[in-house]
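Going down the list, the sequences are from chains A and B. FYI, the numbering for the first sequence is 1 to 265, going by the working numbering. FYI, the numbering for the second sequence is 1 to 295, going by the working numbering.
Since the hints were made in silico from the structure, they are not lab data. This one's a predicted model, so the numbers in the text were calculated from it and none came from an experiment. All C-beta atoms, glycine included, are put in the ideal place defined by N, C-alpha and C.
Which residues of chain B face chain A? A few of them, derived with a C-beta cut under 8 Å, are:
no., residue
1, Tyr186
2, Ala189
3, Val195
Calculated Cβ distances over 12 Å to all of chain B for the following chain A residues:
no., residue
4, Ala65
5, Thr68
6, Gly126
Away from chain A, derived, C-beta distances all over 12 Å, residues of chain B:
no., residue
7, Leu28
8, Ile39
9, Pro62
10, Leu105
11, Val108
12, Val131
13, Leu219
14, Ala274
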Amino acid sequence: MSSIVERLEPVVRVRDLVVGYGGCQVASLPELDLLPGQCIALVGGSGSGKTTSLLAILGLLGRSASVTGSIRTCGVDVLTATGAGLRAIRGSRIALIMQSPQESFNPTTRFGALMRRTLALHGVRGKDAEARIARSLSNVQLPAEILRRYPHQVSGGQAQRLAIALAVALGAEVIAADEPTSALDVTVQAEVVALLQRLRAERGLAVLLVSHDLALVSTVADRIVVMQSGTVVDAGTPREIVTQSQVPYTRELIAAVPTLDGADE
Amino acid sequence: MSLELAPATTRRIPGMAGLARIVRSDVLAGIGLVLLVLIVLAAILAPWISPYPADGTVATHPMESLLAPSSSHWLGTDQVGRDVLTRLLYGARTSLVIAVAVLALAAVIGVTLGVIAGYLGGLVGDLIMRVTDIFLAFPALLLSLALAMVLHPSVTTAIIAIAVTWWPWYARLTASVASSIRHRGYIDAARCLDVPTRRVIRRHVLPNSLTPVLVQLSLDAGGVILTAASLSYLGLGAQEPTSEWGLMVEQGQSLFTTDWWVVTFPGLAILITAFAFNVLGEGLRAGLDPRRESR
Numbered sequence: 001m002s003s004i005v006e007r008l009e010p011v012v013r014v015r016d017l018v019v020g021y022g023g024c025q026v027a028s029l030p031e032l033d034l035l036p037g038q039c040i041a042l043v044g045g046s047g048s049g050k051t052t053s054l055l056a057i058l059g060l061l062g063r064s065a066s067v068t069g070s071i072r073t074c075g076v077d078v079l080t081a082t083g084a085g086l087r088a089i090r091g092s093r094i095a096l097i098m099q100s101p102q103e104s105f106n107p108t109t110r111f112g113a114l115m116r117r118t119l120a121l122h123g124v125r126g127k128d129a130e131a132r133i134a135r136s137l138s139n140v141q142l143p144a145e146i147l148r149r150y151p152h153q154v155s156g157g158q159a160q161r162l163a164i165a166l167a168v169a170l171g172a173e174v175i176a177a178d179e180p181t182s183a184l185d186v187t188v189q190a191e192v193v194a195l196l197q198r199l200r201a202e203r204g205l206a207v208l209l210v211s212h213d214l215a216l217v218s219t220v221a222d223r224i225v226v227m228q229s230g231t232v233v234d235a236g237t238p239r240e241i242v243t244q245s246q247v248p249y250t251r252e253l254i255a256a257v258p259t260l261d262g263a264d265e
Numbered sequence: 001m002s003l004e005l006a007p008a009t010t011r012r013i014p015g016m017a018g019l020a021r022i023v024r025s026d027v028l029a030g031i032g033l034v035l036l037v038l039i040v041l042a043a044i045l046a047p048w049i050s051p052y053p054a055d056g057t058v059a060t061h062p063m064e065s066l067l068a069p070s071s072s073h074w075l076g077t078d079q080v081g082r083d084v085l086t087r088l089l090y091g092a093r094t095s096l097v098i099a100v101a102v103l104a105l106a107a108v109i110g111v112t113l114g115v116i117a118g119y120l121g122g123l124v125g126d127l128i129m130r131v132t133d134i135f136l137a138f139p140a141l142l143l144s145l146a147l148a149m150v151l152h153p154s155v156t157t158a159i160i161a162i163a164v165t166w167w168p169w170y171a172r173l174t175a176s177v178a179s180s181i182r183h184r185g186y187i188d189a190a191r192c193l194d195v196p197t198r199r200v201i202r203r204h205v206l207p208n209s210l211t212p213v214l215v216q217l218s219l220d221a222g223g224v225i226l227t228a229a230s231l232s233y234l235g236l237g238a239q240e241p242t243s244e245w246g247l248m249v250e251q252g253q254s255l256f257t258t259d260w261w262v263v264t265f266p267g268l269a270i271l272i273t274a275f276a277f278n279v280l281g282e283g284l285r286a287g288l289d290p291r292r293e294s295r
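Next up, chain A with everything else stripped away, as it sits in the complex (with noise of 0.2 Å):
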């Protein structure tokens, strides 16, 4: 695989990014190039910038933040970008995936008429867009029947697959997605993670992964990156650090992996 991604554009580039609050300097992150198809995983505990980093990326970060360094997201320039060329990107482009997508989700609102308003938001209206619909539905593989549900009558691996679907739908190519299964139990984690997978490799759909689960992510990122009070620590493939790596953070994260079920708290 990598010998083909090394000749594509990278669909997210970031080079020397910094954030900080106040004269205070919350996360950092030198250098990050995501290619299509790629899944890069930013692991820490809480606290170590690693959530910041991704909304610095979406430009999501609201005005108090002061960013310097260079993100470019599918070909905008996030950091000079004006709100109407964010708003290109946003959604159709790169979607965000939240922990907990039930309450991300308007409760009054069916998730048929959630997808047909986003759909119409972004441009996409009649026909062309309950195909989309149906289309994005049978590829998470879930009933036609659920957009008649409102976000309570679903469970959490359902809600997190039409969060998915919903991206699909709008054609995203990169999705940034924030602990997206640390809210679900571990075999519908599996299923999640599995559906992410399957996107990649059908439709060369990028994944940001933010995580605090090493275990988790080791299995499924082509690069970690290791971050700790809002600086990167350790970086590479999940072998190299998982097998190989001496920094005493890694180290500790991969210790408190429990052996035997899998699941970490």
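Once you have looked at the hints, place chain B on chain A.
Just chain B, lined up with the frame of chain A:
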């Protein structure tokens, strides 16, 4: 994971099915609903089911004044010989119209201002909420009385006077709910995509703020009827010859020791209606609690 899904019967905004579910599981709420249906039917059908329809409006029969309950006048007659049962049935119309009009006015004003204040926050939100606080600072009945006195006493005046003191509660309730959901994921997402504020409020904030308002409305209906009765009782609401329960109580109170039926039955009507609204409201509150909602 299997693809089986729970049956799609429950929603957050209750439809007929939701109401039926609440009433089935809560006997008291069921009683409230049945009572209310009967009261509404009585009000609608008053001209056809009352024994002496003319008594509901202008007719008087001085020769038949203060007759005790009997087979020809089930609930007796009042000072000017009007059938008390007939006046009660017509009075249900006045009371229900007042309740519906006051709550509609108060909810429309209060919810609109509350949703705007809660969602926008900042200077606009502060401004709206401080005005709301000013209205809340006055004792409600006193403000209603003053207004009703300044304006010409009538049913319309009573409606306006009560609505003016009632909307701030809805504004405050809605504002607190709206501000608690303004940073939910779906609202942030809509804002990121530059959805106009008006549409964010209409589509996302408003529907998710309505459940507590709905419950409050049914809890308040009894209170509005009582307040309207108080205004009429003090001569500042409905005027003769309109049938109104509060007015009937006022006219009958001096006769309580000798002709008890004139004051007792309208008093009971007020009590039963307020009770019905209250138990139904309590039932809705318990039934719509999301923590009790089935998946």
